[in-house]
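**Student:** Residue numbers (my numbering), protein chains in the order written: chain L, 495 to 655; chain Y, 16 to 513.
Derived by calculation from the structure, the hints in this document are not laboratory data. Computed from a prediction, not measured in an experiment: that's the story for all the values here. Take the hints with a grain of salt, since some may be wrong.
[Said to hold, decoys possible] PhoX-like cross-link-like pairs, simulated, lysine-lysine; straight-line CA separation at most 20 Å:
#	chain 1	residue 1	chain 2	residue 2
1	Y	K238	Y	K228
2	L	K648	Y	K228
3	L	K631	L	K648
4	Y	K350	Y	K160
5	L	K563	Y	K160
6	Y	K337	Y	K350
7	Y	K160	L	K655
8	Y	K429	Y	K228
9	L	K655	L	K563
[Stated by the list, open to error] Computed, partial: chain Y to chain L, Cβ under 10 Å:
#	residue
10	I46
11	L94
12	D161
13	L378
14	T405
15	Q419
16	P498
Glycine residues also receive a C-beta, built at the ideal position from the N, C-alpha and C atoms.
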Amino acid sequence: MNQITLTLMKVAFLAVLWLFVIAAAGVIRADLWGSKAAAKAQRPRQAAQPARPPRQAAAPRVRRTEPTKLVITEGARAGTTMDLVGTEITMGRSNDVTLPLGDDYSSGRHARLFSQNGQWFVEDLGSTNGTYLGRAKVSRPEPVPVGVPIRIGKTAIELRK
Amino acid sequence: MTSVAAESEVQIATRPRRSAQLGMLVFALVITVASFAQVGLARDGGLPAGMYGYGIGLGILAAGAYFVVARFAPYADPLLLPLAVFLNGLGLAMIYRLDLSTSADWKKALQEGKKLSYIGPSTTGQLTWTALAMIFFAVTLLVLKDIKVLQRYMYTIGAVGLFFLALPGFLPSSISGALGAKIWIRIGGFSIQPSEFSKLALVAFFAGYLVNKRQSLSIVGKKIGPANLPRARDLGPILVIFVICLGVLALENDFGTAILFFGLFVSMLYVATERFMWVLIGVLLLACACLIAPEIPHVAQRIDTWLDPQAYFDGGCRIGGKIVNQTHADVCASKGGVYLADSSQLMFGLFSMGQGGVLGTGLGQGEPWRTPLSYSDFIFTSFGEELGLTGAMVILIVYALIVQRGMKAALATKDNFAKLFAGGVSFVFALQVFVIVGGVTRLIPLTGLTTPFLAQGGSSLLANWILIAILIRISDTARRPAPQPIQDEGMTQVVRTQ
Numbered sequence: 495m496n497q498i499t500l501t502l503m504k505v506a507f508l509a510v511l512w513l514f515v516i517a518a519a520g521v522i523r524a525d526l527w528g529s530k531a532a533a534k535a536q537r538p539r540q541a542a543q544p545a546r547p548p549r550q551a552a553a554p555r556v557r558r559t560e561p562t563k564l565v566i567t568e569g570a571r572a573g574t575t576m577d578l579v580g581t582e583i584t585m586g587r588s589n590d591v592t593l594p595l596g597d598d599y600s601s602g603r604h605a606r607l608f609s610q611n612g613q614w615f616v617e618d619l620g621s622t623n624g625t626y627l628g629r630a631k632v633s634r635p636e637p638v639p640v641g642v643p644i645r646i647g648k649t650a651i652e653l654r655k
Numbered sequence: 016m017t018s019v020a021a022e023s024e025v026q027i028a029t030r031p032r033r034s035a036q037l038g039m040l041v042f043a044l045v046i047t048v049a050s051f052a053q054v055g056l057a058r059d060g061g062l063p064a065g066m067y068g069y070g071i072g073l074g075i076l077a078a079g080a081y082f083v084v085a086r087f088a089p090y091a092d093p094l095l096l097p098l099a100v101f102l103n104g105l106g107l108a109m110i111y112r113l114d115l116s117t118s119a120d121w122k123k124a125l126q127e128g129k130k131l132s133y134i135g136p137s138t139t140g141q142l143t144w145t146a147l148a149m150i151f152f153a154v155t156l157l158v159l160k161d162i163k164v165l166q167r168y169m170y171t172i173g174a175v176g177l178f179f180l181a182l183p184g185f186l187p188s189s190i191s192g193a194l195g196a197k198i199w200i201r202i203g204g205f206s207i208q209p210s211e212f213s214k215l216a217l218v219a220f221f222a223g224y225l226v227n228k229r230q231s232l233s234i235v236g237k238k239i240g241p242a243n244l245p246r247a248r249d250l251g252p253i254l255v256i257f258v259i260c261l262g263v264l265a266l267e268n269d270f271g272t273a274i275l276f277f278g279l280f281v282s283m284l285y286v287a288t289e290r291f292m293w294v295l296i297g298v299l300l301l302a303c304a305c306l307i308a309p310e311i312p313h314v315a316q317r318i319d320t321w322l323d324p325q326a327y328f329d330g331g332c333r334i335g336g337k338i339v340n341q342t343h344a345d346v347c348a349s350k351g352g353v354y355l356a357d358s359s360q361l362m363f364g365l366f367s368m369g370q371g372g373v374l375g376t377g378l379g380q381g382e383p384w385r386t387p388l389s390y391s392d393f394i395f396t397s398f399g400e401e402l403g404l405t406g407a408m409v410i411l412i413v414y415a416l417i418v419q420r421g422m423k424a425a426l427a428t429k430d431n432f433a434k435l436f437a438g439g440v441s442f443v444f445a446l447q448v449f450v451i452v453g454g455v456t457r458l459i460p461l462t463g464l465t466t467p468f469l470a471q472g473g474s475s476l477l478a479n480w481i482l483i484a485i486l487i488r489i490s491d492t493a494r495r496p497a498p499q500p501i502q503d504e505g506m507t508q509v510v511r512t513q
């Protein structure tokens, strides 16, 4: 290897290192404002969606009745999911409950979910603002169907399969 | 409301970015292979034998890590994994390069003109550790579905962290000591540095404790002048843990880690309470520490050699109030002097970087192996020599990007524990890079800390890959789109089609 080749190689390698940094900066930029290619790809897909027949109609599946997870759909902790394991889940504002809600309109220990023979029930634990299942106030343990929101303060919780 | 609780309006990308991640990952691997190739071409004029083995090895590991992330954390930040692989690969190439120039056998070393190094660089060892670290990375991602689980076990985690931090201090020096510090646990041929893991454990503990107490810490308390001092029962437990940590580290002569813990403590209190007072208190305490530190002999040595390394090059000897260079302690003693310290490692590192200049000598063309520990503590100066200022800047920027992605995950996540945890580990990561790089470049006194991902060493690799796994998990949770409600208040029935 002569010296010129080695020098060229050295400079080229440094250039590639900086290219890596620039590429990383590009990824961050796309993260902030979204890339054009992604925006284009999104549009045709959305347009094509209504044409597709709903999957449920095409292949009716045997559905399991027990829900397997819990999802927070509204409120401060929206997006939180939790597997339904064990037999009891307590919810509320305090940090020592199973599912802290971070909701100022909930009581410290607000409500609990418990399972009996595979069915999940919700029970209010004497909260100040009450617990709602769908639109009805929960005054005694009520069975929770899949997909019906449990409302606690500004938070909505659903059970999912 | 404090900063952690405030709903920060951060723009978050809510689609998985697997292709960007894969592209950057392949780029990082190409750079690793290219650096191996350059070492071989410069030294022997051909592609080196190690390029294929180590290149493919790292490639398989990175592919495995990619699939775990793509499958189990699809919304994760696309840059964290490639950046870590980039540094790990570059470190592997540098260790390979130093491995070629050193030998543990003195006969061979003499014949082939290599540097004699008994514990020297080992590329195979480093790749094995990388493999183990990647397994830990995958297991962390698989097991830790939700970071909040750690909050539930925060006292256990804190106690275990503290126990392992203190353990080397109580073990006999034959098991735990090396190079003046008692920070290892050696069993058989196996050695780990528990402080690397304790660091993560204590971040988890601090985060959990501060989430519970941050409001009472920032609101309740006695007002003394402009400062608002919290109650002893709020601050007490964390202060006790902190003082124990510093005491243990002082016993073990591990001042680098002590600086990390101090920075961690101050920064997390600041993030949790949003009180600038904590930064001021931190700076004041640091100033006090700077006044007391020269009284500790081990630290005094480091400060003296930092202020005037030339006087201590190859051993400094004080004879009648003047410091003279004297290689051997006994020669110094025979002349009636006091042997002080040796700054040759620091000086070699500086010479090394000076040799590199702006563009560097090129990989495989410099002599970074002349510096003792050029493959671990001083790996940054090795890069400074062979890649020059231009390449060293790239490494620092990549570190900065990792920290930025970590802080971004902390801003984006809604959970307070995850916020404090991600903020804490990112800050500690940055501080660690500052302390070691600042040390070897003589910006601050030198303390032995590992250079994350680059330096040879198993514990550091394991701990840093676990850290990346946790940051990936936090960013995945933060960027995951919120599920849509199935039913809209019972007015109209909406059926989900899947």
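**Student:** None of the hints should be skipped; say for each whether it holds.
**Tutor:** Hints versus structure:
Taking the CA atoms of K238 (chain Y) and K228 (chain Y), the gap is about 18 Å. The hint holds against a cut of 20 Å. With a C-alpha separation of about 24 Å, the suggested pairing of K648 (chain L) with K228 (chain Y) is violated against the 20 Å cut-off. For the suggested pair K631 (chain L) and K648 (chain L), the alpha carbons sit about 15 Å apart, so the restraint of at most 20 Å is met. Among the hinted pairs, K350 (chain Y) with K160 (chain Y) is inconsistent with the structure: their alpha-carbon atoms are about 66 Å apart, more than 20 Å.
Proximity of K563 (chain L) to K160 (chain Y) is assessed by CA-CA distance (about 13 Å); at most 20 Å being required, the pair is judged to hold. Between K337 (chain Y) and K350 (chain Y) the alpha-carbon distance is near 13 Å, which keeps this suggested pair within the 20 Å criterion. In summary, the hint linking K160 (chain Y) to K655 (chain L) is supported, as the alpha carbons are separated by about 18 Å, within the 20 Å threshold. Under the criterion of a C-alpha separation no larger than 20 Å, the hint pairing K429 (chain Y) with K228 (chain Y) is consistent with the structure, at around 18 Å.
A distance of roughly 6 Å separates the Cα atoms of K655 (chain L) and K563 (chain L); the hinted pair therefore holds under the 20 Å criterion. At about 6 Å, the closest approach between the beta carbon of I46 (chain Y) and any beta carbon in chain L falls short of 10 Å, and the interface hint on this residue holds. The beta carbon of L94 (chain Y) is positioned within 10 Å of a beta carbon in chain L (closest approach about 6 Å), and the interface hint is therefore held. A distance limit of 10 Å between C-beta atoms decides the matter here; for D161 (chain Y) the minimum to chain L is near 7 Å, and the interface restraint holds.
At about 7 Å, the closest approach between the beta carbon of L378 (chain Y) and any beta carbon in chain L falls short of 10 Å, and the interface hint on this residue holds. Because the beta carbon of T405 (chain Y) sits about 5 Å from the nearest beta carbon in chain L, less than 10 Å, this interface hint is met. With 10 Å as the threshold, the beta carbon of Q419 (chain Y) comes within range of chain L, its nearest partner Cβ sitting at about 8 Å, so the hint holds. For P498 (chain Y), the suggested interface contact is upheld, since its CB lies about 5 Å from the closest CB of chain L, less than 10 Å.
Hints 2 and 4 from the list above are not met by this structure, while the remaining hints are.
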